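K.L.:
Fit chain B with the ligands to the given chain A structure using the hints.
Chains as they are written, first to last, in our numbering: chain A, 695 to 942; chain B, 379 to 693.
Read the hints as simulated data drawn from the structure, not as lab findings.
Please read these numbers as outputs of a predicted model, since none were measured by experiment.
Don't take each hint at face value.
[What the hints assert, rightly or not] Some chain B residues near chain A, calculated using beta-carbon distances under 10 Å: (1) P572; (2) R573; (3) E577; (4) G579; (5) F580; (6) L582; (7) A583; (8) A584; (9) T585; (10) E588; (11) I593; (12) P596; (13) A597.
Backbone N, C-alpha and C define an ideal beta-carbon position, used for all residues, glycine too.
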Amino acid sequence: MVIAAKNLTLAYGKNIIVKNLSLAVGPTTVTALIGPSGCGKSTLLRTFNRMNDFVPSFRMVSGNIHYRDLDVYSNQVDPVFVRRRIGMVFQKPNPFPSSIHKNITWGPRINGFQGDLDHLVESSLKRAALWDEVKDKLNSSGLALSGGQQQRLCIARAIAMDPDVILMDEPCSALDPASTARIEDLITELKDRFSMLIVTHNMQQASRISQNTAFMLNGELVEYGTTSQIFNAPAQRLTEDYIMGRFG
Amino acid sequence: MPIFPLKLTPPIATNSLKAAARFKTRLSETAVIRFLQTCAWISILTTIAIVVILGFESLVFFKGVPLLDFLTGRDWSPLIEPRSFGVLPLIAGTLVVSLGACAIAVPLGLASAIYLAEYASPKTRSLIKPTIELLAGIPSVVFGYFAITTVTPVLQFIFPTTEIFNAASASIVLGFMVLPMITSLCDDAIRATPRSLREGGFALAATKAEVSLDILLPASMSAIMASVILGFSRAIGETMAVALAAGSTPNLSLNPLTSMQTMTGYIVQVAMGDVPHGTIEYQSIFAVAGTLFVMTLSLNLLSQVVVRRFARQWE
Ligand SMILES: Nc1ncnc2c1ncn2[C@@H]1O[C@H](COP(=O)(O)OP(=O)(O)OP(=O)(O)O)[C@@H](O)[C@H]1O
Ligand SMILES: [Mg+2]
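Only chain A is shown next, with the shape it has when bound in the complex (with noise of 0.2 Å):
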């Protein structure tokens, strides 16, 4: 297993979000985060790369996450490490207001990087299928691309970190239908090497993208197993009524 949550509970000061949840990924897939609005899955998310460590009245009541054979939340484990192996992309697109040069090597240089800039970005921006549409400005600001560009550009920065994980909080939430398709190929080529985490408030694209489905409702875990079972045979009642539309 990739990432391995166990016996999780989440809170934010006495508020309760995520309850004894356990949630195990394996390497290259894609896990689609399904659920309705408040249920948790951002806090659940940005819990696996530490991010919430920035939200002072977040706090881990109980249980355990593990990346490998790392305990993430250990005090021997730096939460700079787990980032550079957890990467994340955001639902508004938030490139630096900087070129995008800049935007993609900035992480890597930070982290040590010693290899060639200039073909870290190309080999990055290819990847995230951005290259062709950016080659002849790469030093032009990342805020002055669409926002469909700026969240691939997003997309690229996490690769060109090549970690091991992406965990994306609505990716595609913020863009228009032709952006939103093209990012999907993106994740769909992009799993062959990278395990992703995607939370979406999208079913059709839940099911076109992912390998395995959790569902989440108030905090807990109703059910998870592969896309097709989730969609086509789920074990629960609620997960089938979230499904069909009923609620949320």
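P.N.:
Chain B with the ligands only, in chain A's frame:
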């Protein structure tokens, strides 16, 4: 007994509905608006009056001294024969003192701002911020006095050639006078950067220092530049502390350990001295003030241009 003893709106007969709905001149409201308008205009008129008087009196001066001689002359001795009205030594004094102040206030202010915005806990912050603002409330003359009685002796101890009145001590106290403004504006600028930017940095395995220095600082650079320009403009216009500390020897020099006269320093000296009104040396303070006004106005406009560029950035 009526249930509602107070009737807010009297009942309206259908045929008088139009009459009731018609606009009424509300006397009290008109009076309030007029009063507020007048107050706003007072400051506008004051500004215009000052500019007009400055321009007019300067014109009188420039009838006696050609503008070009004034702006390019390297010798300023308005009170002693042979008179000479070359403003460059005053501008040089002003720039040396103000640049020196910025050399202190900008690094210190920026560092404090980064600390306040990114590192300080809310509790530390609530302690440091008011203290820095307290610094801004200390009267200028106290800073000047402090320069003479404390800063200069220390400078003389380190550099024995330091004169009693010297530009360096003026720069140092002026730096601390400008510091609160620069700190506070830079702090605002850094805190105005979106959270998503920080998260983007942290998600790329950056440390807090890397995010602050490599991402947030460049991202708020235009607002930081604007605050530096404003601080510089404030330093140029500052009078009392500088007049006390830097002395009144016009000096076209870059040595901060010697006495220098700034533009403001000269204006105080003449305005408070016994120079008879109407003489050319009295008129000269208007020319100097006008030059100073043009400088600070340009700097303030420049900072606004920079700020406007910044405002567009996070839309
Ligand atoms: N920083 C925070 N501080 C306090 N409470 C928070 C914080 N972030 C989220 N919450 C609360 O935690 C709960 C779960 O939020 P979370 O963002 O994980 O939901 P989600 O499943 O991602 O929802 P959505 O689909 O709308 O993104 C919500 O009730 C939210 O109000
Ligand atoms: Mg969410």
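K.L.:
Double-check E577 (chain B) for me: the hint is only fine if its C-beta lies closer than 10 Å to a C-beta in chain A.
P.N.:
Interface hint status for E577 (chain B): holds (6 Å vs cutoff 10 Å).
K.L.:
Against chain A, is L582 (chain B) within 10 Å by beta-carbon distance?
P.N.:
Check passed: Cβ of L582 (chain B) comes within 3 Å of chain A, closer than 10 Å.
K.L.:
Less than 10 Å between beta-carbons is the criterion; does I593 (chain B) satisfy it with respect to chain A?
P.N.:
6 Å, holds
K.L.:
Measuring from the C-beta of A583 (chain B) to each C-beta in chain A, is the shortest one below 10 Å?
P.N.:
4 Å, holds
K.L.:
Under the criterion of a CB-CB separation shorter than 10 Å, is P596 (chain B) in contact with chain A as hinted?
P.N.:
Result: holds, 6 Å to nearest chain A Cβ.
K.L.:
Mind checking the CB of A584 (chain B) against every CB in chain A and telling me if the closest is under 10 Å?
P.N.:
At 6 Å from the nearest chain A Cβ, A584 (chain B) passes the 10 Å test, so the hint holds.
K.L.:
Would the hint on E588 (chain B) stand, with a C-beta cut-off of 10 Å toward chain A?
P.N.:
At about 5 Å, which falls below the 10 Å cut-off, the nearest Cβ of chain A leaves the hint on E588 (chain B) intact, so it holds.
K.L.:
Hint A597 (chain B) vs chain A: min CB-CB distance below 10 Å?
P.N.:
5 Å, holds
K.L.:
Does the nearest C-beta of chain A fall within a distance shorter than 10 Å of the C-beta of G579 (chain B)?
P.N.:
Hint on G579 (chain B): holds, closest Cβ of chain A at ~8 Å, below 10 Å.
K.L.:
So, as I understand it, the hint says P572 (chain B) touches chain A; can you test that by seeing if any CB pair is closer than 10 Å?
P.N.:
OK, holds: P572 (chain B) within 10 Å of chain A, min 8 Å.
K.L.:
Hold the hint about F580 (chain B) up to the distance rule: shortest CB distance to chain A must be less than 10 Å.
P.N.:
7 Å, holds
K.L.:
Would the hint on R573 (chain B) be counted as holding, given a Cβ-Cβ threshold of 10 Å to chain A?
P.N.:
Holds. Min distance 9 Å.
Every hint from the earlier list agrees with this structure, and none is contradicted.
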